[in-house]
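Quick note, the sequences are listed as chains A and B, same order.
Counting from 5, one number per residue, gives the positions in the first sequence under the numbering used here.
Counting from 5, one number per residue, gives the positions in the second sequence under the numbering used here.
Hints are computed from structural coordinates only; laboratory data are not their basis.
Just so it is clear, CB atoms sit at the ideal spot from N, CA and C, and this is done for glycine as well.
Take the hints with a grain of salt, since some may be wrong.
As the list claims (entries may be wrong) - In the PhoX-like style, the derived pairs of lysine-lysine whose C-alpha atoms are separated by at most 25 Å in a straight line are:
id	chain 1	residue 1	chain 2	residue 2
1	B	K156	A	K30
2	A	K35	B	K30
3	B	K191	B	K30
4	B	K156	B	K87
5	B	K35	A	K87
6	B	K35	A	K147
7	A	K147	A	K191
8	A	K35	B	K156
9	B	K155	B	K191
10	A	K147	A	K87
11	B	K35	A	K30
12	B	K35	A	K35
13	B	K155	B	K87
14	B	K87	B	K147
Claimed, not checked - Just so you have them, the derived chain A footprint on chain B, three or more residues with Cβ under 8 Å:
id	stretch
15	56-70
16	94-106
17	127-134
18	179-192
Unchecked claim - Label-pair ranges, simulated between beta-carbon atoms:
id	chain 1	residue 1	chain 2	residue 2	range
19	B	D93	A	H19	20 to 26 Å
20	A	S43	B	A143	21 to 27 Å
21	A	M197	B	N189	31 to 37 Å
22	A	R42	B	D89	22 to 28 Å
23	A	A157	B	S187	32 to 38 Å
24	A	D62	B	L17	50 to 56 Å
25	A	V153	B	D196	42 to 48 Å
26	A	A157	B	K191	50 to 56 Å
Number of protein chains: 2
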Amino acid sequence: MDYPSDEHLTETLIHSETLLDGGFLKARRDKVRLPDGRSADREYIVHPGAVVIIPLLDDDHVVLERQFRYPVNRVMLEFPAGKLDAGEDPLLCARRELQEETGYVARQWAYAGAMHLAIAYSTEIIHIFFARRLTAGAAQLDKDEFLEVQKKAIADLAEDCRQGFVTDAKTLACMLWLQNVRSGNWKLNWEDMAG
Amino acid sequence: MDYPSDEHLTETLIHSETLLDGGFLKARRDKVRLPDGRSADREYIVHPGAVVIIPLLDDDHVVLERQFRYPVNRVMLEFPAGKLDAGEDPLLCARRELQEETGYVARQWAYAGAMHLAIAYSTEIIHIFFARRLTAGAAQLDKDEFLEVQKKAIADLAEDCRQGFVTDAKTLACMLWLQNVRSGNWKLNWEDMAG
């Protein structure tokens, strides 16, 4: 949220260089001008953006995934998510990822909002979608993807968040949306999708 | 959340190497054994862990920071947070960061839980604390830290989340905690701190 007077906080680019071009991770190192005129280095991951989907079943349940996440060395319970392909529309990506990872196709979609995942060191933005009127089908996982689809009561998922069984930040942020939508405090604009 | 039968999801280390040792970002590339016996590479940021603090004022307000976050190129409204020093106790880190960044000292603290911030590519865990019975004082910012401290009504902060003015994932996850604590659904164990 930028205010008119944010010059006293803002950093501006002086010079940018590639820091890392791994098979998966891309990073840059920028020299920036600090608000007081001095300079500093900023190193960060360059990410194409992503989507996360809150798939609502008709009976107070949601669709989740259980997936081993190597960096944190554990199986995580999380909402379905995936990276944008270059130039991909976020809604198309959300529909693709939901079907590929869980097999579900949704007849109605709503855009909720966005989150920035790791603002200290990544450009990643995640677009949050709700999906409902689901039809089950066959997942189409990549050959190096291993995950389980799980239906869960929303009340049980909230309890898992409280007890520390759900610790994925994007999933916790989605729970904020889910609780406020269910309470009626936050409204969604649902859109019908053709088959 | 690991189940007895998670071998069909779990990846195991074969070989690890340093991928990046920047001044700020550290990354590794591990060769891992997939559940089906094949191998794959996993690249990820190595992070020391962090804390985030939800500082409660006595009048339905919280203490936030406005800070320019270079990777996302904007000023972000977020709860105070900071990285653990090597071997640092999370509660001590939380007390230190709150005082350094905002000037506030809290007489009561409660540990809420943890989140994993970017499970696809970072080891980062963030420990979530609540703080209350705050006394204002002078911040002690590092010379390259530029931020504003802001008091905000919790209801207004929730509205900012809904409208997309707050997009920081850790702050959204903290709002889930804050709403459930305020509603009485989630309980905290408060501890008194000496001076």
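Given hint K87/A paired with K147/A - CA-CA distance at most 25 Å
17 Å, holds
Are 3 or more residues of the stretch 94-106 of chain B near chain A, judged by a Cβ distance of less than 8 Å?
Contact hint for the stretch 94-106 of chain B vs chain A: violated, 0 residues under 8 Å.
Given the hinted pair K35/A and K30/B, is their Cα-Cα distance within 25 Å?
18 Å, holds
Given coverage of the stretch 127-134 of chain B by chain A, checked by CB-CB distance under 8 Å (3 or more):
The restraint on the stretch 127-134 of chain B holds, since 4 of its residues have a Cβ under 8 Å from chain A and three suffice.
Hinted pair K35/B and K147/A, Cα distance within 25 Å:
Judged against 25 Å, a Cα distance of about 17 Å means the pair holds.
Between K35/B and K35/A, does the CA-CA distance stay at or below 25 Å?
32 Å, violated
Would the hint linking K35/B and K30/A be met if the CA-CA limit is 25 Å?
18 Å, holds
Within a Cα-Cα threshold of 25 Å, do K87/B and K147/B meet the stated pairing?
Measuring from Cα to Cα gives roughly 17 Å; hence the hint holds.
Assuming the hint says 50 to 56 Å, is it satisfied by the Cβ distance from A157/A to K191/B or not?
With a Cβ separation near 21 Å, A157/A and K191/B fall outside 50 to 56 Å, so the hint is violated.
Quick one: are M197/A and N189/B within 31 to 37 Å, going by C-beta?
34 Å, holds
CB of S43/A to CB of A143/B, is that within 21 to 27 Å?
The hint (21 to 27 Å, Cβ to Cβ) holds, given that S43/A and A143/B are roughly 23 Å apart.
Decide if the proposed pair is consistent with the structure: K155/B and K87/B, CA atoms, cutoff 25 Å inclusive.
Status holds; Cα separation ~23 Å.
Hint compliance for this structure: hints 1, 3, 7, 8, 12, 15, 16, 19, 23, 24, 26 are broken, all remaining hints hold.
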